[in-house]
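Colleague: Read off the chains here:
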Amino acid sequence: MLKFIFSKIKTNTALKKIKAIQANQGQKDQPSVKLLRSLDKNLTIFKEVLGESNDIITREFICGQTQMKAVLIYVDGLTNVAVINENIMKPLMYDSKLTDSKNEAKIKNINDFKEIMLSAGDVKDSDAFDELINGCMSGDSVLLIDGFSSGLIISSRGWDMRAVETPQTGSVVRGPREGFTENMRTNTALIRRKIKDPALKLEVLKIGRKTQTNVCIAHIEGVANPGLIKEVKDRISKIDTDAILESGYIEQYIEDAPFSIFATIGYSEKPDVIASRLLSGAVAIIVDGTPIVLTAPLLFIENFQTSEDYYMRPYFASVLRLLRILSFAISVLAPPVYVALVSFHQELIPTPLLFTMAKAMEGTPFPAVIEAAVMLLTYEILREAGIRLPKPIGQAISIVGALVMGQSAVSAGLVGAPMVIVVAITAVSSFVVPDQADSGAIMRWLLLILAGAMGGFGITMGLLIVLIHLASLESFGMPYLSPLAPMRPADLKDSVIRAPLWLMKTRPTGMARQNPTRQKDNTPSKIKNPTK
Amino acid sequence: MKNSIGKMLKICLSLLLCLALSGCWNSRELDSLAIVMGYAIDKSDEEGLVDMTAQVAVLSDGGSSDNSSSSSNTASSEAYWNITRTGSSIFTILRDYTHESSRKLYSPHNQVIIFGNDLAKNGIRDYLDFFLRDHETRLNVWILVAKDKASDILDVKPKLEKIPAIGLSDLIEDQKATSETVQIRIRDFLERLISDTTASIAPLVEVIGEGKDQIVEMSGTAVFKQDKLVGELNKTETRGLLWVLSKVNSGIITVEAPGGTADLEIVSTETQVNVEILDDGSITAHVKITESGNIGSQTGSGDLSKTDNVKILEQNMNDAITAEVFSAVEKAKELDADIFGFGDMFYKKYPQQWKSMKENWDELFNEIKVEVEVDAKLRGSGRIVKPAYPAEEE
Amino acid sequence: MIIFLIIVFAIIALINVPPLIREKQWRELTVYSGFFALAVTLSMLLALGVDIPSPIKGVQYIIKDVLHLNYK
Amino acid sequence: MATNLEKGRISGKQLMFIVFCYIQGGALLSGSIVNITKQDTWVVIVTGFTVALFIAWIMVQLAKSFPDKTLIEINELVFGKIGGNIISLLYVLYFFLLTTLDIDNLTSFITGFVMPNTPDTAIALVFTFVCGYAIYKGINVIGRCSFLVVLLTIVTILFNSFLLIKDMNFNNFLPMFSLPFMDYVHGTHLTAVAPFGGSICFLMIFPFVKEKKHMAKYFYLGGAIGFLLFLFIVVRDWAVLGTVATYMAGVTYQVVGLVDVSDLFTRLEVLYSIILVLGLFYTATIEFYSLTLSIAQVFKAKTYKPYIFIIGIILICLSNIIFSSVSEHSYFTANIDPAFLGFFAALLPAITLVIASVRGAKKKQGSEIV
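Residue numbers (the numbering used here), protein chains in the order written: chain A, 4 to 535; chain B, 91 to 484; chain C, 2 to 73; chain D, 175 to 544.
Careful, some of the hints might be misleading.
[What the hints assert, rightly or not] One-sided excerpt, in silico: chain C residues whose CB lies under 8 Å from chain D: (1) N17; (2) Q26; (3) S55.
Hints listed in this document are in silico derivations from the structure and should not be mistaken for laboratory results.
Cβ coordinates follow ideal geometry from the N, Cα and C atoms, glycine included.
Sequences are here, hints too, so could you generate the full structure?
Modeller: This is the structure:
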């Protein structure tokens with residue numbers, strides 16, 4: 004009787020301790036509660052902690068000639084049932100019966116089970132309750148055997164994942180089509196396939212008390228600056244929140260200038276982009292559960308560069324890059340400049356154009372500023388509606404909306420025709436550089452207000468403030484406007500324009516101080532010795 | 091963390107502060123502008139007053155798009171509207187317009203300023219002053235002088251353009267083809283006005299014909315002494331003046347040719363003028379004109395492709411050009427207005443002596459000996475070599 | 002206009018002064034409030050339209066009348 | 175110590191670009207110089223440049239003999255505690271007036287040409303706020319933006335001049351050297367001091383330049399290119415306008431108005447005003463920066479950041495009351511300014527250098543004897 008009461012007390016105290024651990028998870032130095040000897044007690048504790056959710060399966064069975072009671076706990080759906088049946092259940096229940104009892108006697112502690120009996124791949128033993136629970140929750144199956152004070156965590160993960168597909172955004176004419184998936188392991192595999200060098204180091208940190216998300220920091224040893232890696236790791240490990248659901252969380256926690264409208268951490272869904280950034284000395288952050296992989300540091304100019312630029316021949320690539328910069332400028336400056344022209348500096352407009360514009364603007368009730376603001380607002384609403392609705396309807400809504408509203412507004416005389424054209428140009432050109440769409444939109448509104456208040460002078464002052472703000476930004480130690488503002492001539496060949504590949508001998512200055520050279524000298528033979 | 095919030099607050103506050111304060115003083119909507127295309131200034135009947143006509147572009151055509159309203163519709167939907175006000179000075183008149191026009195006048199797109207003849211006679215300096223001082227007028231506005239009343243020029247409805255002022259400014263630009271008119275912008279007029287000796291010049295324009303088929307025509311140059319109109323040059327004298335100023339772009343010279351006359355087209359010209367003070371104190375101006383042209387058309391049967399015929403033609407051309415230049419010089423001496431700018435050239439070359447020459451420059455200008463040396467070349471004779479006559483045997 | 006100025010100055014003081022007080026830099030606080038007072042008086046006088054003599058007149062007086070170093 | 179006041183560092187090249195942009199701010203002043211020396215302005219600019227080089231040489235010597243020391247610290251070292259502080263206060267007043275003159279320069283330009291009926295205070299407010307924001311971000315941000323501004327300025331000026339070639343007529347320069355000698359002296363004095371008058375501000379910036387060795391080279395180079403472009407602008411304006419230029423205000427601005435290419439590229443000068451504003455922005459920022467830094471140092475403050483907005487407001491009020499009319503401003507710039515700038519930019523540093531070298535020599539002897 005006493006023994007029963009005594010064991011009852013023991014299980015209760017263990018239970019209370021585990022509850023305590025659960026409550027204030029995340030504090031580092033938690034006294035980990037040890038497993039008890041008897042299986043039933045461990046089982047009751049497990050049942051108490053894991054609760055009655057029906058996807059947690061506890062399979063009790065007898066194994067071996069010596070009739071040892073054992074129990075297997077796993078989460079249905081997270082585990083690959085084939086592994087459980089073939090590699091765990093079958094050897095324990097079935098083969099153990101066939102083998103003679105001789106090697107059965109040899110099993111003294113849990114490790115013998117691991118070496119002899121189980122044929123699963125990755126098996127770890129542990130005697131701490133929270134480790135076992137974590138393992139069980141993240142898809143492994145936990146084996147407890149009566150009489151042994153430590154359990155086995157057998158990796159049997161395997162849930163149905165999305166196949167590697169072409170990402171919706173950033174479709175590419177030339178270059179690989181594969182995109183990342185939600186599973187971190189596939190993503191790291193995709194990168195490994197690109198960079199087969201063992202120097203590519205992957206380090207996993209568990210962030211988020213409730214979500215326990217795996218965050219993998221990838222960098223290439225010897226290329227990325229050690230300072231950068233240490234900095235990224237410090238910032239990530241300092242994050243102490245209960246949920247990390249998407250890489251965006253990480254981005255906002257560790258970025259350099261949280262108050263700036265410009266992103267200082269890049270992201271991409273395509274392995275070749277991440278690989279090229281890793282090779283130029285950046286650090287990639289792969290978060291389990293999202294196909295978006297972050298890269299740091301990011302330069303302002305990199306928003307206007309796509310992976311395609313490097314696969315095409317240099318001339319058209321440079322033209323495209325200049326086009327992207329121009330269209331970003333148009334998308335930000337078109338409405339404010341139009342307002343400044345129409346309200347303040349009419350003499351800048353050539354005379355014939357002035358007549359047509361004045362005729363079109365005849366009788367429109369609102370001043371140009373209000374008109375521009377209203378049209379921009381409708382455009383933003385339409386764009387958001389277009390994205391949020393399912394694909395086919397979304398497309399239809401945004402096009403129909405734009406056309407109908409624009410046309411009727413003009414014919415009703417509420418808005419001048421040139422205004423609709425300007426807003427249309429802004430809309431189209433803002434799609435050319437999708438990553439900068441957010442900061443572009445905010446800048447457009449600020450400049451519009453300034454243009455309405457002080458015309459050309461207002462716009463100049465607005466642009467000056469933006470330029471100063473951009474020049475002061477730094478992304479992990481790299482100046483944000485790097486090839487232009489601090490004027491690094493060596494990098495100019497790959498910033499606004501792209502020089503031919505064989506000219507780009509060094510990595511961007513400041514990114515890879517240890518080994519800056521990318522390639523020795525593969526100038527095409529035709530150029531090296533033209534006479535031959 | 092606390093510090094960055096403080097910083098952020100300060101920046102947002104300042105942004106708000108300056109936006110709220112600024113408001114939009116200077117913004118004027120496009121449809122609240124009366125776009126002025128041309129000004130015409132005349133001497134008004136009452137003494138000392140001036141009446142000024144501003145030609146405003148009228149744009150609203152009631153929503154019907156522009157191309158559908160062909161010129162057939164009535165005068166009511168004219169593309170321009172001439173407002174005339176009288177006042178003592180240009181600035182008072184401009185402000186006075188607001189009594190009549192619902193929109194404030196807006197003159198950066200103004201093309202032309204025309205001065206009436208009688209106004210030009212007693213000086214236009216103080217009327218020009220406003221246009222030079224106002225930040226809205228452009229420095230490359232055309233200056234014109236009307237044969238009699240300037241406002242009539244702006245009333246003539248051009249055949250090809252919709253607004254007379256634009257028609258006029260295109261007309262001036264096309265004068266390059268005949269180069270018988272001086273193209274003077276407000277800047278050139280000012281340049282000549284502020285020089286002590288050079289006389290200002292401006293193209294002359296007049297209205298010909300009656301009623302419906304009235305047209306505007308350029309007819310020579312008006313010559314000013316300081317800023318008072320003193321005389322006029324006809325077309326050939328103007329061409330002579332242009333030769334000296336090396337502003338002849340192209341044009342036609344008809345000369346005697348073996349077996350009839352020939353019209354020679356001027357293709358390119360270059361003029362160098364250097365002035366000398368000879369040791370006996372007399373002053374000369376040596377004008378060297380090099381010109382190349384080709385044969386435009388020919389009357390009579392002379393075969394102009396022969397080299398010696400070409401020589402004759404070139405010689406005739408030299409004489410014709412020299413005659414034109416001399417006619418201009420005679421007229422200038424008659425009006426004793428140094429329209430060629432010889433005075434400035436003397437100042438540039440002999441700054442010391444110029445101080446003494448400046449006082450009696452008018453007499454000196456009268457005695458100036460002008461030598462003209464023309465070197466005309468005929469390069470081509472078009473597609474046909476000989477005129478369309480039955481071939482004579484050699 | 003004056004109320005607006007008062008609000009603005011209050012906000013600027015609110016932002017800059019507390020950090021100084023917290024870090025107990027009395028010396029700097031006195032200097033800062035000196036400039037603050039100058040700014041407030043100047044802008045108040047201007048807002049009220051009082052004609053303040055321009056410092057350039059002083060410079061001009063010294064250079065022109067005292068030292069006669071001016072050209073024309 | 176200056177280096178704990180301001181963490182940012184700028185490279186030698188950036189110093190060169192800053193000096194170039196600083197001189198461009200004076201491009202608007204060319205109107206006053208052209209009025210004095212009419213067609214021989216280019217001669218005056220060349221001689222003015224040589225004198226300016228001499229002033230620059232004084233600055234560099236001072237910077238060399240007191241490395242990593244700003245002007246205020248140099249004064250203390252040279253003139254002792256009390257004397258140094260008095261002279262530093264004098265410099266603070268000088269920076270105050272210099273920055274106010276620049277802000278007034280800008281406001282009269284904008285209200286004169288670009289936006290006639292906007293009150294001066296609004297423009298001064300926005301402009302000072304932007305300068306304050308640039309200073310708030312520190313010297314290395316000013317250094318970083320300088321390259322873009324230089325690029326923009328040079329490209330626009332060359333493009334404008336290219337369009338104006340057909341209007342140029344070079345015998346406007348003809349009656350050479352026919353002006354009274356005093357005009358040449360006046361012109362040289364004005365050119366040497368006006369755009370370069372504020373070079374004393376660079377003594378506040380020298381401690382933040384990383385490469386100490388080439389600093390002098392970059393400083394001279396920046397000055398030389400700045401003056402070259404300034405010369406180019408003045409020559410172009412005179413070639414296009416001739417004697418008419420003497421009748422105009424804001425010569426460089428009006429000249430761009432003459433560009434007329436088939437009614438498309440006409441009336442461009444508002445775009446050109448952006449470049450002039452950028453130039454003036456840089457001049458005002460450098461002077462405002464040295465003003466705030468010197469105040470922070472004279473009053474031994476920890477950081478100069480809180481002072482920016484307060485001094486900005488004082489500047490705005492000052493720029494309101496400094497001149498009652500534009501003609502007063504142009505009279506001051508043409509006649510009184512040379513002496514005023516001359517004293518502070520050239521005479522005072524020269525005296526400091528002389529005393530520094532004398533004391534330096536005495537100290538060296540002193541140390542030997544003892």
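Colleague: Compare the structure with each hint and give your call.
Modeller: Going through the hints against the structure:
1. N17: Result: holds, 4 Å to nearest chain D Cβ.
2. Q26: holds (6 Å)
3. S55: Holds. Min distance 5 Å.
Checked against the numbered hints given earlier, this structure breaks none of them.
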